[in-house]
Amino acid sequence: ETGVTQTPRHLVMGMTNKKSLKCEQHLGHNAMYWYKQSAKKPLELMFVYSLEERVENNSVPSRFSPECPNSSHLFLHLHTLQPEDSALYLCASSQDLQGASGANVLTFGAGSRLTVL
Amino acid sequence: DAKTTQPPSMDCAEGRAANLPCNHSTISGNEYVYWYRQIHSQGPQYIIHGLKNNETNEMASLIITEDRKSSTLILPHATLRDTAVYYCIVPKTGANNLFFGTGTRLTVIP
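Line by line, the protein sequences are chains L and A. Numbering-wise, the first sequence is residues 1 to 117 according to the numbering used here. Numbering-wise, the second sequence is residues 1 to 110 according to the numbering used here.
Just so you know, the hints here were simulated from the structure itself, not pulled from any lab data. Computed from a predicted structure; not experimentally measured. Take these hints with a grain of salt, some might be off.
Residues of chain L clear of chain A, computed beta-carbon distances all greater than 10 Å [claimed, not checked]:
| id | residue |
| --- | --- |
| 1 | V4 |
| 2 | H26 |
| 3 | E56 |
| 4 | F64 |
| 5 | L97 |
| 6 | A103 |
| 7 | T107 |
Part of the chain A face toward chain L, derived, beta carbon under 10 Å [as the list claims (entries may be wrong)]:
| id | residue |
| --- | --- |
| 8 | P8 |
| 9 | C12 |
| 10 | N23 |
| 11 | Q38 |
| 12 | Q45 |
| 13 | Y46 |
| 14 | L51 |
| 15 | I74 |
| 16 | G103 |
| 17 | T107 |
For each residue, glycine too, the CB sits at the ideal point set by N, CA and C.
Kindly generate the complete structure, drawing on both the sequences and the hints.
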């Protein structure tokens with residue numbers, strides 16, 4: 001257990017379904033992130049939140065919708081996904097954004113493995 | 001992020017030291033070097049980071065050259081559980097995140 005909890009760990013959904021991934025951290029961190037990892041590809045940053053405000057959105061399709069209701073929780077709402085969206089979705093947190101002064105270590109959750117049929 | 005170069009794969013015998021190199025010749029004076037690893041199908045795990053001096057913790061040692069253009073991660077006594085992809089990352093000052101490249105796939109052999 002790293003301090004960052006992701007649920008569900010596994011999710012299978014059809015292309016017309018609506019589902020959500022949840023991430024929770026009790027580390028007192030101010031920044032939270034969503035990453036996507038497709039098979040045999042490097043991690044791709046999707047969204048960055050700092051103090052509940054989105055600070056980065058890396059050209060992610062609108063079928064992925066993030067929500068950060070407070071500094072401890074982060075959601076990724078999924079709607080009308082495609083089979084190529086099947087991947088491991090990783091949530092991470094850090095004390096502050098990477099660009100802040102000093103070193104900021106990312107703590108990752110175990111990931112949610114999504115399969116879109 | 002400052003560009004890093006790592007070998008795509010390495011093998012290490014169980015119980016021996018694993019030395020993983022990383023080149024980061026374009027690093028700036030105030031940029032840290034981070035190492036993470038990812039065991040198959042799990043989230044990446046932080047290992048160690050450093051700025052100028054060598055660092056050691058319970059997981060590994062980090063040796064940074066004096067000119068800071070390269071570094072080596074040392075796992076002193078590799079075990080089978082150390083088999084993973086190891087990422088060397090130098091985030092650019094002001095960037096909001098870490099860029100994970102392709103890393104080095106370390107295989108510890110019994």
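Numbered hints the structure breaks, given as an ascending list: 1, 3, 5, 6, 7, 8, 9, 10, 15, 17
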